[in-house]
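What follows is each chain in one-letter form.
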Amino acid sequence: NAGVTQTPKFRILKIGQSMTLQCTQDMNHNYMYWYRQDPGMGLKLIYYSVGAGITDKGEVPNGYNVSRSTTEDFPLRLELAAPSQTSVYFCASSPLPIRDSPLHFGNGTRLTVT
Amino acid sequence: RKEVEQDPGPFNVPEGATVAFNCTYSNSASQSFFWYRQDCRKEPKLLMSVYSSGNEDGRFTAQLNRASQYISLLIRDSKLSDSATYLCVVNGLGDSNYQLIWGAGTKLIIKP
Chain X
403 NAGVTQTPKF RILKIGQSMT LQCTQDMNHN YMYWYRQDPG MGLKLIYYSV
453 GAGITDKGEV PNGYNVSRST TEDFPLRLEL AAPSQTSVYF CASSPLPIRD
503 SPLHFGNGTR LTVT
Chain Y
249 RKEVEQDPGP FNVPEGATVA FNCTYSNSAS QSFFWYRQDC RKEPKLLMSV
299 YSSGNEDGRF TAQLNRASQY ISLLIRDSKL SDSATYLCVV NGLGDSNYQL
349 IWGAGTKLII KP
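These protein sequence lines map, in sequence, to chains X and Y.
If you count the first sequence from 1, you need to add 402 to reach the numbering used here.
If you count the second sequence from 1, you need to add 248 to reach the numbering used here.
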């Protein structure tokens, strides 16, 4: 059982480039989330989804987009990368709303924008 | 005041000792509380939920103090493998089904 799988593990982007961070889960969880973690800060929610076809903004959505065409996949798109987007990105899923159930995280993607 | 505040540490503790951390939260209406553990350069993993009456899981005990708005984590008989960053997590304001507020974490180093 793979759980939550994120790719790539590492990426260096130049300012203005775009990329998609991939996330897939095989636990049939309805709820999926994208977080970013900056040094010395708590995780911040970028976007979340409560099921296929439904997405919504979290605390820090600017500069990002998501889609949820299937239950399994929840890719995060960065358009026009900026140095402020240098961070570690975690995808997570849960079977219930996160107030009521633990989050299952992927291994993370370390992104540097220079 | 930060919504969720933790002492960043590091706490340097000898193996076998007992260590405790607190975490304060600002929203008195919060209902859900968690401790996650994060190893260096790894993803967070749930350590335990925190219930109103307090709860224990092996060497770990979590307590909630609603009056003073803090949660605590106690680790007894600490092991080298307990070295990690411990993240305090509280459900957020508004659409609280989907928003968790994460503390920046307390770093624990267990020394042999």
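It is possible that some hints are incorrect.
To be verified - Cross-link-like lysine-lysine pairs, in silico, DSS-like; alpha carbons within 25 Å at most:
#1 Y:Lys359 <-> Y:Lys290
#2 Y:Lys327 <-> X:Lys446
#3 Y:Lys250 <-> X:Lys446
#4 X:Lys459 <-> Y:Lys293
#5 X:Lys446 <-> Y:Lys290
#6 Y:Lys327 <-> Y:Lys250
#7 Y:Lys250 <-> Y:Lys293
#8 X:Lys411 <-> Y:Lys290
#9 Y:Lys327 <-> Y:Lys359
#10 X:Lys411 <-> Y:Lys355
#11 Y:Lys293 <-> Y:Lys359
#12 X:Lys459 <-> Y:Lys250
#13 Y:Lys359 <-> X:Lys411
#14 X:Lys446 <-> Y:Lys355
Honestly, the hints are just simulated from the structure, not real lab data.
Note that the structure is predicted; figures quoted are calculated from it, not measured.
task = Below or equal to 25 Å on CA atoms is what counts here, so check Lys327 of chain Y against Lys359 of chain Y.
result = Cα-Cα ~9 Å, so holds.
key: Restraint status (C-alpha distance of Lys446 of chain X to Lys355 of chain Y at most 25 Å)   = holds, 19 Å
key: Proposed proximity, Lys250 of chain Y with Lys327 of chain Y (alpha carbon, max 25 Å)   = violated, 31 Å
ask   = Quick one, are Lys250 of chain Y and Lys293 of chain Y close enough, alpha carbons at most 25 Å?
value = holds, 23 Å
key: Distance restraint between Lys359 of chain Y and Lys411 of chain X, which requires alpha-carbon spacing of 25 Å or less   = This hinted pair is violated, its Cα atoms lying about 30 Å apart.
message = Does Lys290 of chain Y sit within 25 Å of Lys411 of chain X, going by the straight-line distance between their CA atoms?
response = holds, 11 Å
key: Pair hint outcome, Lys327 of chain Y versus Lys446 of chain X [Cα-Cα no greater than 25 Å]   = Distance ~30 Å between Lys327 of chain Y and Lys446 of chain X Cα, so the pair is violated.
query = For the pair supplied as a hint, Lys459 of chain X and Lys293 of chain Y, is the alpha-carbon distance within the 25 Å limit?
reply = holds, 23 Å
ask   = Is it true that the CA of Lys359 of chain Y sits at most 25 Å from the CA of Lys290 of chain Y?
value = Status holds; Cα separation ~21 Å.
Restraint check for Lys293 of chain Y with Lys359 of chain Y, where alpha carbons must lie at most 25 Å apart = holds, 22 Å
message = With the threshold set at 25 Å, check whether the alpha-carbon distance from Lys411 of chain X to Lys355 of chain Y stays at or below it.
response = holds, 24 Å
ask   = Are Lys250 of chain Y and Lys446 of chain X close enough, with their CA atoms no more than 25 Å apart?
value = holds, 13 Å
Violation of the numbered hints given earlier is confined to hints 2, 6, 13; the remaining hints are satisfied by the structure.
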